[in-house]
Amino acid sequence: DAGVIQSPRHEVTEMGQEVTLRCKPISGHDYLFWYRQTMMRGLELLIYFNNNVPIDDSGMPEDRFSAKMPNASFSTLKIQPSEPRDSAVYFCASSPQRGGGTGELFFGEGSRLTVL
Amino acid sequence: SQKIEQNSEALNIQEGKTATLTCNYTNYSPAYLQWYRQDPGRGPVFLLLIRENEKEKRKERLKVTFDTTLKQSLFHITASQPADSATYLCALDDSSYKLIFGSGTRLLVRP
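One line per chain: the protein sequences are A and B, in this order. In case it helps, my numbering puts the first sequence at residues 70 to 185. In case it helps, my numbering puts the second sequence at residues 54 to 164.
Since the hints were derived computationally from the structure, they do not count as laboratory data. Incorrect hints may appear among the rest.
[Stated by the list, open to error] Some chain B residues judged to face chain A by a derived CB distance under 7 Å, without partners named: (1) R95; (2) G96; (3) P97; (4) F99; (5) K151; (6) F154; (7) S156.
[Unchecked claim] Straight-line distance between alpha carbons at most 27 Å, and here's what the computed DSS-like set of lysine-lysine pairs gives: (8) B:K151 to A:K137; (9) B:K110 to B:K124; (10) A:K147 to B:K151; (11) A:K93 to A:K137; (12) B:K108 to B:K151; (13) B:K116 to B:K56; (14) A:K147 to A:K137; (15) A:K93 to B:K151; (16) B:K56 to B:K110.
Backbone N, C-alpha and C fix where the C-beta goes; we use that ideal spot for every residue, glycine too.
Based on the sequences and whatever the hints tell you, model everything.
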């Protein structure tokens, strides 16, 4: 298996533009997580899905952020409009379980977003 | 909510020595705790999981302990090598079954 695949790896955009980050989880994993990593705040959980259904989006910072999972093999995280404070590395991770018990998380390589 | 504390200062040790990293948490004791390794520009990679009823877990040169009384986990790398240089993240579940991460401790092993 190729692991969790994220795109783009790097994105530079201007304030006010729409940004869409993409993720393909590992086949057969029922859980998908979006995290954001910054120097100041570390790794923060934004939202997670179970069987394509959003379960907890309490970490989504504002209404400017939205996430979808139209099928088991694809998820998007969208920021509209983007702001400089959204600059971070965004990670997608999948797990055959909730991330608890014996469920380790498998992370992608991340999408580094820079908003000018 | 749960809070995780890891030493923000880098740990700098000589090759061959044992590296010991600390993870402290507040509030309730989690059912399990996980450790991840993260290299620059890469995503975190799972290393070990330890449950609340386990005192110690080993995997090759890695050892993790879990003390629910002290609310602390220790992560040891024995016979450390320069290739072990990375940031190590502690993670545990919060009350709503989400996995939350500490800020990580950077380890530098000098040859």
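Check your understanding: Which of the listed hints are broken here?
Key -> none
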